[in-house]
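Dock chains E, V and Y against chain L, hints included.
Given next are the chains, with one letter for each unit.
Number of protein chains: 4
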Amino acid sequence: MSGIWGNKIKLSIFGESHGKAIGITIDGIEPGVLLDMEYINREMDRRATGKNELSTSRNEKDCFEILSGYYNGRTTGTPLCAVIHNSDQHSKDYEKTKNLVRPSHGDYTGYIKYNGFNDYRGGGHFSGRITAPLVFAGAICKQILESRGIIIGSHIKSIGGIEDNSFNMVSVNEEELKKLAHNNFPLLNSLVESSMKEAILKAKGEKDSLGGVVEAAVVNLPAGIGSPFFDSVESQLAHLLFSIPGVKGVEFGIGFDISKLKGSNANDEYYIDDDKIKTYSNNNGGILGGITNGMPLIFRAAVKPTASIGKIQSTVDIEKRENAKLEIIGRHDPCIVPRVLPVIEAVTAIAILDLM
Amino acid sequence: MSGIWGNKIKLSIFGESHGKAIGITIDGIEPGVLLDMEYINREMDRRATGKNELSTSRNEKDCFEILSGYYNGRTTGTPLCAVIHNSDQHSKDYEKTKNLVRPSHGDYTGYIKYNGFNDYRGGGHFSGRITAPLVFAGAICKQILESRGIIIGSHIKSIGGIEDNSFNMVSVNEEELKKLAHNNFPLLNSLVESSMKEAILKAKGEKDSLGGVVEAAVVNLPAGIGSPFFDSVESQLAHLLFSIPGVKGVEFGIGFDISKLKGSNANDEYYIDDDKIKTYSNNNGGILGGITNGMPLIFRAAVKPTASIGKIQSTVDIEKRENAKLEIIGRHDPCIVPRVLPVIEAVTAIAILDLM
Amino acid sequence: MSGIWGNKIKLSIFGESHGKAIGITIDGIEPGVLLDMEYINREMDRRATGKNELSTSRNEKDCFEILSGYYNGRTTGTPLCAVIHNSDQHSKDYEKTKNLVRPSHGDYTGYIKYNGFNDYRGGGHFSGRITAPLVFAGAICKQILESRGIIIGSHIKSIGGIEDNSFNMVSVNEEELKKLAHNNFPLLNSLVESSMKEAILKAKGEKDSLGGVVEAAVVNLPAGIGSPFFDSVESQLAHLLFSIPGVKGVEFGIGFDISKLKGSNANDEYYIDDDKIKTYSNNNGGILGGITNGMPLIFRAAVKPTASIGKIQSTVDIEKRENAKLEIIGRHDPCIVPRVLPVIEAVTAIAILDLM
Amino acid sequence: MSGIWGNKIKLSIFGESHGKAIGITIDGIEPGVLLDMEYINREMDRRATGKNELSTSRNEKDCFEILSGYYNGRTTGTPLCAVIHNSDQHSKDYEKTKNLVRPSHGDYTGYIKYNGFNDYRGGGHFSGRITAPLVFAGAICKQILESRGIIIGSHIKSIGGIEDNSFNMVSVNEEELKKLAHNNFPLLNSLVESSMKEAILKAKGEKDSLGGVVEAAVVNLPAGIGSPFFDSVESQLAHLLFSIPGVKGVEFGIGFDISKLKGSNANDEYYIDDDKIKTYSNNNGGILGGITNGMPLIFRAAVKPTASIGKIQSTVDIEKRENAKLEIIGRHDPCIVPRVLPVIEAVTAIAILDLM
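Protein sequence lines, in the order shown, are assigned to chains L, E, V and Y.
Counted the way numbering that gives the first Met the number 0 counts, the first sequence spans residues 0 to 355.
Counted the way numbering that gives the first Met the number 0 counts, the second sequence spans residues 0 to 355.
Counted the way numbering that gives the first Met the number 0 counts, the third sequence spans residues 0 to 355.
Counted the way numbering that gives the first Met the number 0 counts, the fourth sequence spans residues 0 to 355.
For the record, the hints were derived by calculation from the structure and aren't laboratory data.
Fair warning: there could be bad hints in the mix.
Copies of the same chain look alike in the list, so a pair counts if it works inside one copy or between any two.
Unchecked claim - Calculated pairs, PhoX-like style, for lysine-lysine (alpha carbon to alpha carbon, straight line, at most 25 Å): (1) Lys310 with Lys196; (2) Lys277 with Lys97; (3) Lys275 with Lys95.
Keep in mind that this is a model prediction, so the values were computed, not measured.
So that you can see chain L by itself, here it is in the shape it has in the complex:
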């Protein structure tokens, strides 16, 4: 069951890149939530393409239409379905090379799983485009969380190995996170912006692509959310994060680096601050025993370089079963990292609301 997720908030996504429409049904949203359409559109825009030379020249509008679960400006509490009609499709781009499975894409694995019956155009159901409905759902969840004071934000931690600063894991705050959301290329250290952008343009010029790392934080989360074992915050979040096409690594707190520390350095010791229980450090990223401890929730996700590159690649013809060469002609992002940020924030919002 690939398209259904969740417990209290259930998602059901559907759609193919070049089909009639993509969409999502969200089940379990409380009734009476006044939806801020401007807010949702802003989140959708953060993910949308065609904004500048750094991204693909496709112009996907991502206009959503709410079909159900919404009445008089508010959620009704019944399943809310939204669709985004597809347009601006160059489906024929894919016809002639349809049997040449694109490296690093789901073409080959999808062909095997679906016995060749899946819609291959533009990656079909494997397309990153299917994350647009996730951003829609996430925007609603973010709104609900924000109304409770819980703020989610993220920044580009690295692109092509060029590193931004990290969040201060103890003191990252609401203002900082909100500011990041209004930036199309959000960084903590603005000095690295130009070198990152140059690297992207250089890769573009070379018909190549870059990946990167996204760092996200959630602040003002109450302690006590999550569970030991199978519904740990880490499990739930990682489950959704790894559903995002291109994510190959997820780490919480200081993540892999914690494995190099001694316990005495890794452990986050407690103290009382103004009757609140806090930790001096936050190496565990706000989660202990699978449950939030009230410190900022912090994690990082590694995003691989855009699989579609213009360079000629070796591949196979899946029907003829013979070696072949592939030159991908379509329009593609040289680096999807900036567009992945709102997706990561969206699934974070969904996972957290589901656990609350």
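This is chains E, V and Y only, laid out in the frame that chain L set:
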């Protein structure tokens, strides 16, 4: 719902470290599987303690008793429940310090989540001991997978920053993986063994602890297992891996490092080898679009240093809500990494069998 | 979670009677199924209104549009979403009486559950109209089952207490069931047709309504489908049948009557017939221990009289919280039983395919 | 997945009639519930056998042992597992006739489903004995519901066609329901007791058995519990009720009889009573649109006659595949209806708590 997981294979775990028993019910195992008790016991032993100076001096026998779903030496197809009775408990160790929440443990978060009603002794339901039933379930799943030729193995990738070699991501094979399972301290490069062990003993001497990274591989997996989005192999595996106490990072293929590569280097190009479709490299770790591609499935999990250390730590008294100092007296592993390996292999087997 | 159901086949329904659209996403349909649109439309038509004087004069076309999971005439294996756009709505009919909760409808309970935020027009999400997507999904499942030789059929067992014959529980067969599907008012004993129809028209003339019982059968089901306890065939089927608005009773085999028999009469004794194991009687309706035994699967569902009647009724004004009188003016079926048949067959097909 | 059920409260049952133990894990019980062991034992005793001449002479003690999720007399909030060790088994009774599938039991269907690997002794996992853990879980849920004022009760509605009165569907109350629980043979009309008991003893004398109908009620349920469609109260309850071995029919309110009424008689009209919204009648049994309306929740379940009878029956030898005669020798209840009552109340409590 913290203790239930799965689709085709459903797990239900229960138990507290110092309660009467811990256990697991496995639902969905096919009928007629001849259980190899020696095999299961060997896996349980790999996780068990008291084997040598590197681990805790507790002597947990981990003798399991199958209560149901098993008849005449074979699985019946109905729910299989196994319990491990607790013994050798020093429950009183925990009484005097029960209000001093141990840093990096689930004590504080559990207290909040369960309103102070959870069994705190030895970490209760948060204890790493609850992974023993997972190893039991995993041993059954591993057996079933092995009967289909699918082999899972793992090694210590690093401890305290000291690095072992990595698997050859393209050519790692069955023999290599099977050999690792018979080693209590499995490494690819035996030259690092003594320095790793020295580091552990040094940490032990300093009343401190070390963490590390585990690298695991699955070979002979057919292509086509998994799904795009929510049931991606990465999602399912990461979900279970992050359920293991102490795991703070998970990465597939070359993981975080892929974010530094250009697409032309990261992409795994295809070729035909003896009528089989293979990739020259395996940076994606055998998974594309959430689905296996027939190459070795490879991932890494970061394990934090043992949270229990003998050094005096700052903490708070959770009842009095005041600052306090804590000296943990009990018997604890200076490094749990070697004992985590079979747990990681177990959840891998469970996740994969569930997806097949 | 009200709108999600299933294990192997997952459904996610959405929509309100007078919203933009109603629809369903079906997850888990195998790839490569050639959809017979004529077949699906015929099933949709069986449920649709406006066919004759026995049903409402609303003219709902129920034209579905498949948005995803369908390519080149076949299912792709990815989530299949279909929507039915709403039209011919007399939404204003509901405005003036919106606070007068209609007896026997979900108006009052929906108001409480959703804090008054649900879309009340035409019953909103509680409307029988939301069963149209179920019929769509069921038509696909029926098609798949039929390709495996499994046939589902049903007839009107009673209307307003006027009784049709019952299926022969041992010998009901494929031809009989297929013939019923081509009849808008399917009966085993055609002699009762005129008295049933007269009773409906009489009720209509009196601004009243009638209920009835539907009897359904599934033949050629292999033995061994289902499970003891929570996934019993009875549990799964009853779960879906009771999801259909208006269903208040479900019984399998001879159902409530079996409670009056002695064991020696109730038990279905076995015999070998041409190397097949059969039972002489079929009082258990083809299910033992929650699992099919290869005999025809037979059940009955009781449908209450249409809740909307033209007669003046006592009710309350939900906002003013005072007693009131209500005269429902809209267009309503005097008896929905004939239109419920395809819905019952649909959920039967879904439940069975999910269990196989 | 047959042994797992639930959303907020998840159950995982296991065990075979003649295996080591049967049991249940309950996940999702709130922490801090003081368990009244006397109360739980009383419920277990209501289901247990050996009480008098009306039931089997087996003496099953049904002593449960709580293994986890329980500390210092209270629930901890973590999974609560309880086991009942099997004893007093006459396993050899089943050896000689193990290939003669008992009519009306799950022997044949289980053999097919599990390829002959299931534990056939005493019905194995299909045994009514596996309902003991359900009663245990239900007793905890009932206790929690009672602490909120919600009372569940039931009586024998009929045995062998001899009818007791029905609940007054509008005025059935707490006192009435509580009184029933203290009676081993609970009836509303005590005048039918002797004829029912005589009928049972007569059936016993004839090596035959009787079935019956159980009527249950839940009072003080708030309005607003449940959902339209798949999580309707009827769906959830029927799902669990049909999991109970022997249940072949379930109806809510006046059930099948509502199909004979006109809408004007069937509809439950509203009125204000002391600022509360009530209905004059309660033909819908307290549920509209799948959601409680605050009136008593009332339903009936049909229980088939005990499948095991002493009379010689026709059957087949499942291994030899030939016709055979079977004389069941074991000790069996001539009528299980009185013992089914606590099981029905238990699953009702579980289903309702899960929905709240």
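Classify it for me, Lys275 with Lys95: is the Cα-Cα distance of at most 25 Å met within a copy, between copies, both or neither? between (63 Å within a copy, 23 Å between copies)
Intra- versus inter-copy proximity for Lys196 and Lys310 (alpha-carbon distance at most 25 Å): within (20 Å within a copy, 47 Å between copies)
Status of Lys97 relative to Lys277 across identical chains (alpha carbons, at most 25 Å): between (55 Å within a copy, 18 Å between copies)
Against the hints set out earlier in the document, no violation occurs for any number.
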